[in-house]
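2 protein chains.
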Amino acid sequence: MDQITIKEVAKLCGVGVSTVSRAINNHPDINDATKRMVMETIRKYNYVPNNSARNLKRADSNTIAVLIKGITNPFFADMIQVFEREITRQKYSFVLQHVEEFEDEVDTALLLEKEKRLKGIVFLGGISNRTEEKLSFLTVPYVISTVESGVGEETATVAVDNEKESQKMVEYLISCGHEKIAFLAAQKNDASIGMLRHRGYRMALKKGGLEYDEGLVMWTKEGCPTYSLENGYALARELLESGKEFTCIYALSDIMAIGACKALFDAGKRVPEDYSVAGFDGLELAGYYEPSITTICQPRREMAEATIRLLFDLIEQKPVNTRQIFEARLQQGNSTRPLSAAAR
Amino acid sequence: MDQITIKEVAKLCGVGVSTVSRAINNHPDINDATKRMVMETIRKYNYVPNNSARNLKRADSNTIAVLIKGITNPFFADMIQVFEREITRQKYSFVLQHVEEFEDEVDTALLLEKEKRLKGIVFLGGISNRTEEKLSFLTVPYVISTVESGVGEETATVAVDNEKESQKMVEYLISCGHEKIAFLAAQKNDASIGMLRHRGYRMALKKGGLEYDEGLVMWTKEGCPTYSLENGYALARELLESGKEFTCIYALSDIMAIGACKALFDAGKRVPEDYSVAGFDGLELAGYYEPSITTICQPRREMAEATIRLLFDLIEQKPVNTRQIFEARLQQGNSTRPLSAAAR
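As given, the protein sequences belong to chains A and B, one line each in that order. Each residue of the first sequence is one higher than the one before, counting from 2 in our numbering. Each residue of the second sequence is one higher than the one before, counting from 2 in our numbering.
Treat the hints with care, as some may be off.
Copies of the same chain look alike in the list, so a pair counts if it works inside one copy or between any two.
Heads up, simulated BS3-like pairs for lysine-lysine below, C-alpha to C-alpha not over 25 Å straight-line [stated by the list, open to error]:
{"id": "1", "residue 1": "K8", "residue 2": "K36"}
{"id": "2", "residue 1": "K115", "residue 2": "K8"}
{"id": "3", "residue 1": "K92", "residue 2": "K115"}
{"id": "4", "residue 1": "K169", "residue 2": "K189"}
{"id": "5", "residue 1": "K222", "residue 2": "K245"}
{"id": "6", "residue 1": "K319", "residue 2": "K12"}
{"id": "7", "residue 1": "K169", "residue 2": "K8"}
{"id": "8", "residue 1": "K270", "residue 2": "K92"}
{"id": "9", "residue 1": "K319", "residue 2": "K222"}
{"id": "10", "residue 1": "K45", "residue 2": "K115"}
{"id": "11", "residue 1": "K36", "residue 2": "K207"}
{"id": "12", "residue 1": "K207", "residue 2": "K245"}
{"id": "13", "residue 1": "K120", "residue 2": "K45"}
{"id": "14", "residue 1": "K222", "residue 2": "K45"}
{"id": "15", "residue 1": "K208", "residue 2": "K181"}
Hints listed in this document are in silico derivations from the structure and should not be mistaken for laboratory results.
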């Protein structure tokens, strides 16, 4: 690239290199006329300062793309920071691509592949079933992160066992004496996280000898963003209005649990005195809400680190464990309480 | 591109086109052996199904990049959805690029410009002063969104008047009878949002005839992410531990206000009975917190729409109003209350 150097800029302007540098860095110790002259020369000859030049080289470097399903989900924020740090450390460029709930992730990935420098892909938040078959079109390595895909053992996956962890939470609620546990669920046709956590809920009831009552399962309506405060609020209100008896709400996610708490407060109820509320994910916010939310903590940072390590190992064709399932931890907050025998 | 068609795939496999389609779409009505054969042929000849092919064309279309400062900020989530919708509607591709707090946005933008198809840039969350000078290196139109830049009238900007709106909030708190209003601030050297809102705080005190007390201003420590729950919590705790007298906390952002509430609760205090707490931004979460947070609502969606419209007008070289300042709205929550005369 025949690019002009800072020395040539200085020569053209009849000033020293340090003056050019001062002009670029907006240093106070330079007069306006000189600064203007330098900046005009820079523009005219298309000089790119060092700092940028260094980064521009990165444009030629290999790229890792992270496709994120639902950017509004605070669950992913920490993970993205880990990805960025590790990807940069390995001298790769980092591209974050947002995928809408209704969009086809693999189509987006194929599009990114057209960029020749793409060396690997992370599907953060999983992929929808309907696109699983299309994964075979991808020519670069990829890792599906935070959701166990149903694609098969050979698909690189990092996640917690969503069904098992969900069951753990409901078993805990049952051990607190709750028998009428409502579940704020995903859309009925959800075949990802929503389905797995619902299965765990059913399993725990079965194991606890409790009947599964379809009337206590509040499904997300079509077109409503599942993992939202608004949805948690709407489903809890619908539950209250149904007149169904319950002592506890288990929500699919912490965000929905917080929405549910607010619906209870607005109806003049207390948490946990009148109703216990539990969530899933272990968001930082769960600890800051009042009352703090009882939840399942996913080890997000560890999962993010494992995801990116797995991807690099695949790129370098090292032998890998393609299916990495992490343990989650039940974190007791103040939003749930043991039910006294009298109240049952 | 000499790409194989679905008809050719069908011919190679000795099956009908509909069978190939069933294989691709993972239809139950096809036997496994046939499906495997079709999928292998597809892979071998590098056939890309229609749906993807359609999207791949988009890879040749023009691109708008949104550079987002602090992806963890829920304030930007709604705005991104508007950007994506409008950019796609105008038949442009949408690239979301994450910029760390310490990174240089203009360097990142220059890097993106190397991609020839880039037609415009949105700097979401503003840009730091030190990079303002470098804006002149950019050759494509850009809009600075949500922060009034100090660059000058000719720089395309969409924002609220952060100083004025901050002043509005503090005037309201003073009108409630509060005289000792602590401020949870950004880093002391912040020259963006943090400086503007701090100025508004000082202006309101001055206008209300109250003294500015440096001991009531809690500055964010270096290296601590400003707009975080953790930071709000830490600053409020530091304030409590300082022993300084105050009746109200005004936080730079809603997220920090929520962190501050939790610090008060953990110290056995009530909100608003013992202390009033106010924020800024108008996050959805502010309404779901208990108590709901008194805040300044920025019209995020309208600002996002104006940002993208302004960018397209610049691209099409239409005459524009480069400096678009929106009105924000004070939203009273349950986290603040009028101070009785006796308590003052």
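Can you give me the call for K319 and K222, within, between, both or neither, at a CA distance of at most 25 Å? neither (44 Å within a copy, 43 Å between copies)
Identical-chain pair category, K222 with K45, by Cα at 25 Å: Intra 57 Å, inter 41 Å, cutoff 25 Å: neither.
When Cα atoms must be at most 25 Å apart, do K120 and K45 count as within-copy, between-copy, both, or neither? Answer is between; shortest inter-copy Cα gap is 20 Å, intra-copy 36 Å.
Treating 25 Å as the Cα threshold, decide for K45 and K115: within, between, both or neither. For K45 and K115, only the inter-copy Cα distance (18 Å) is at most 25 Å; the intra-copy one is 33 Å.
With 25 Å as the alpha-carbon cut-off, assign the pair K115 and K8 to within, between, both or neither. Between copies only: 24 Å across chains, 38 Å inside a chain, cut-off 25 Å.
Using 25 Å as the alpha carbon limit, work out where K222 and K245 are close: within a copy, between copies, both or neither. within (19 Å within a copy, 50 Å between copies)
Checking an output row: K207 and K245, CA cutoff 25 Å. Within, between, both or neither? This pair counts as within: shortest intra-copy Cα distance 20 Å, inter-copy 56 Å.
If the cutoff is 25 Å on CA atoms, where do K208 and K181 land: within, between, both or neither? Let me know, please. within (15 Å within a copy, 57 Å between copies)
Given identical chains, is K92 near K115, meaning Cα to Cα at most 25 Å, within a copy, between copies, both, or neither? Classified as both; 21 Å inside a copy, 18 Å across copies.
Status of K36 relative to K8 across identical chains (alpha carbons, at most 25 Å): Classified as within: same-chain Cα gap 16 Å, cross-chain 64 Å, threshold 25 Å.
My question is about K169 and K189: at a cut-off of 25 Å on alpha-carbon distance, are they close within one copy, between copies, both, or neither? Answer is within: at 22 Å inside a copy they meet the 25 Å cutoff, but 46 Å across does not.
From the Cα coordinates, with 25 Å as the cut-off, is the pair K169 and K8 best called within, between, both, or neither? Classified as neither: same-chain Cα gap 67 Å, cross-chain 51 Å, threshold 25 Å.
Consistency with the previously given hints fails for numbers 6, 7, 8, 9, 11, 14, ordered from lowest to highest.
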